[in-house]
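With the working numbering, letter number 75 in the sequence shown gets 76, and the count goes up by one each step, no holes.
Hints are not guaranteed to be accurate.
[Unchecked claim] Distance condition first, Cα-Cα at most 20 Å in a straight line; then the derived EDC-like pairs of lysine to aspartate or glutamate: (1) LYS337 <-> ASP244; (2) LYS71 <-> ASP317; (3) LYS91 <-> ASP39; (4) LYS91 <-> GLU133; (5) LYS30 <-> GLU19; (6) LYS310 <-> GLU321; (7) LYS273 <-> ASP289; (8) LYS337 <-> GLU234; (9) LYS355 <-> GLU379.
If you are wondering where the hints come from, they were derived from the structure by calculation, not from laboratory data.
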Amino acid sequence: MEKERTKADDRNHKGNVETQTIVHNLYSKLNQPDLDRDRSFSLEKALSNAVLSTEENILAQKSTRDVETKSSLLWRRSLLKRMADGLVWKFFGFNEHFLQVASMPPPAGYMAHKNGYGFERKALEFLPSIPEINFAIQNDTTNILRLGDVTLLHSQNIYYLELKGGKFSGEFERTRRQSKKYEEINQYLASGNASGLEFFKIKGVAPLETIAIELKNNHYWLELENVVNKTLERNNYWAEVDDGMILIGLSDWILNEQELGRFINQIIRKAKWNSPQVRFGILSRHLDIKKADFLYSIIPLTAFDIDPKIGMILLDKSVEIMVLINLDFVYKSIGKHGYELAQNYLTNKRSDVKVQIGERRWNRLIYGLYKLPDFIDETLVMLRKAEKEFPQQ
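Could you put together the complete structure from these sequences and hints?
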């Protein structure tokens, strides 16, 4: 029995080493400063091949009881697909509207043993020969691209391709209807006007209001690097990166739930947050492929503009980062602009309009490490839009 256990341990160790080698190699390419057109096509192909090979190995484990090997392979697949997500965010310009549309269909299954895989790869081999195509990716390599089989960036326009029998099927009726529907959604998001759009022939669809304001999307990524480095030196480290946000670095997860709770409370007291409402999250949630809504609405950890060495430490989970948000500080900052909090709703003191900051927005702040002043400015814009669009609420 001991001998069998040793063999299992050896296989698991080998699988983890292989995963680290593969992931380190591809992640270093993803985060190189000169990721140009040719390198991006090469990286897309390498990610697709790595995901395919990993899925084939996972399926081969179905008839075995080797739980350790399968677990290691599933973890590798999660990391690879999240890197493909990072590549998408980088090349499609952090376009959240596009990503929300592209991720609306159901998630894809495995590429392994998929009939159309070869056709899709042939298309990806051909597309780089067209100079106007800046980037293209096989959708099943990612978690977040679900419309069609291939997504490409032609000049500054994004297109979806659905491939059938080795031919582009853009003229097939079903594909034409799908393309038209998503084009209309994109048009509605961009213009705010639903009139004349077949998809929005629904009673009560009002025009979206536009508020002219320059929004900034700055992040605490430099602060994240500092916390990781300090954590490696001291095992545990924390820093208040803004008046309402704390980053906690943990390299020692022997703390149980109660001990961790006491540790967090000590930090809150040291930061002089006086009995606040607190939201928190752990950055490794980025790697949870089961959270579909989370995956497409949050900038992937793999797309953070950070030192690749720091990125690999976070992907390896050598250091866990916990993010704490002081909700009292956030609501107080918003309240200075004429809003008050009641039963989790923000209400304009001059009107009856009520708006709730939803789960997705909090996740976007915590897991994208947006700077709090920018998040507050963006929330105020959301509130003002709501007042214009729903004045009778």
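Now the hints, each set against the structure:
| no. | hint | verdict |
| --- | --- | --- |
| 1 | LYS337 <-> ASP244 | 16 Å, holds |
| 2 | LYS71 <-> ASP317 | 18 Å, holds |
| 3 | LYS91 <-> ASP39 | 15 Å, holds |
| 4 | LYS91 <-> GLU133 | 18 Å, holds |
| 5 | LYS30 <-> GLU19 | 17 Å, holds |
| 6 | LYS310 <-> GLU321 | 14 Å, holds |
| 7 | LYS273 <-> ASP289 | 33 Å, violated |
| 8 | LYS337 <-> GLU234 | 40 Å, violated |
| 9 | LYS355 <-> GLU379 | 16 Å, holds |
Of the numbered hints listed earlier, those contradicted by the structure are 7, 8.
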